[in-house]
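**Student:** Respectively, the protein sequence lines represent chains X and D.
The first sequence runs contiguously to residue 167 in our numbering.
The second sequence runs contiguously to residue 203 in our numbering.
These are calculated hints, taken from the structure and not from any lab test.
A couple of the hints might just be wrong.
Stretch by stretch, here's where chain X covers chain D in the computed footprint (C-beta under 8 Å, at least three residues) [what the hints assert, rightly or not]:
1. 17 to 29
2. 172 to 185
Here are some of the chain X residues that sit facing chain D, going by a computed Cβ distance under 8 Å [unchecked claim]:
3. L11
4. L14
5. A16
6. S20
7. M48
8. A55
9. D57
10. V63
The following residues of chain D were derived to be distant from chain X, with all beta-carbon distances above 10 Å [unchecked claim]:
11. V57
12. S151
13. L152
14. Q166
Beta carbons: idealized from backbone N, C-alpha and C, even for Gly.
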Amino acid sequence: MNCRELEKLLLDDLRAADRSAAREHLEKCPACDALRRELQALRELSGMLQTDAEAPDEFTAQVVTRVRAGSNHESNRRLTTAAAGVLVISGVLLWTAVSETGNTQEDPVEIDRALPDAAAEFDMNEPPVQLLLETPSESEYILEVPSRIKIHRQELHDEFYLTQVSH
Amino acid sequence: MTEIALPQSFDSTCSPGDNALIAAYLEGNEHAFEILVKRYQGKLISYLNMIVRDREVAVDLAQEAFIRVYRNARHYRGEYQFSTWLYRIGTNLAIDEMRRRTRSGRFFTQNVLNWLRPGETPPVTPDVRDSPDRTLGRKEQMTRLQKAISSLPEKYRLAFILREVQEFSYEEAAGILKVSPGTAKSRVHRAKSLLREKLAGVL
């Protein structure tokens, strides 16, 4: 057995079948013996790390409360998240559409009304770009937008992730 | 899923397996779900705390993991262990949390330093056989080990914690991380090699 083979065995937690051959090598090789001692020390220290923390007294009760509250409001929450996502994207599309068409608007325009107007400015026959929108609640939406639209991420709330997934 | 009848109340002599508890919960026994939570809450919080280095966040993520288990229990077919499923959800939540922090500009090293407040030491199972001098040295070793683990690249850190700290088998760790057992093993090996380098003179 050479040093490389022994190192592989030691990293893999030496099995009983290999111990005899390993012992023979370790008696002759100080470097491998040092490796063995270091890995053993690492294993001992790691075993002393806390693996079973004390949960707060009310942990289970809070989980139950949250699941019960969630089951009553789950569908509403999803709608709210979807609506928030659409509003955010609508806001971005409005900003971009206004910039690209060169229009200026002195008065603020409500976001949810502006999107149909913004979309009408573009040729919807252009090949769309697919964007993956991930919301804080782990919901995912695939948005298809005309490829000329540039989504500016800084316009999005930090907790929404937007990734281009296709051209 | 195999149907297993469970008594409405569980006494100290009854220790149903995880799959039995899931089955009971799906049959309408909410107490079964509470038993599952109590069974894993401490370990899951410990595991998540080692990743996110913030106990409050770890508690919150652990609660979220159980909530997702509750909501998706009907999809669980028992093809892998319940703990694998629970830890996989927890791992994904922790990874999302770390990536969210990166986007927000927060750094983990600061959390590690905050966690180790002056006078505090990492939780260690006390070994009363040690002399005081050796115990002091051991505390310093634990501190450095914690820091070294936190500094590992994510994929090696997760594999190492699951295998060497939480003591999952390579197969279980692979199931949690959704990689092959061979990949899980090589990641643990690489983590050990890196930790040896980082802890040179400490081990």
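**Student:** Hints numbered earlier in the text: which of these fail when held up against the supplied structure?
**Tutor:** When the structure is compared with the hints, numbers 1, 2, 4, 5, 6, 9, 14 turn out to be violated.
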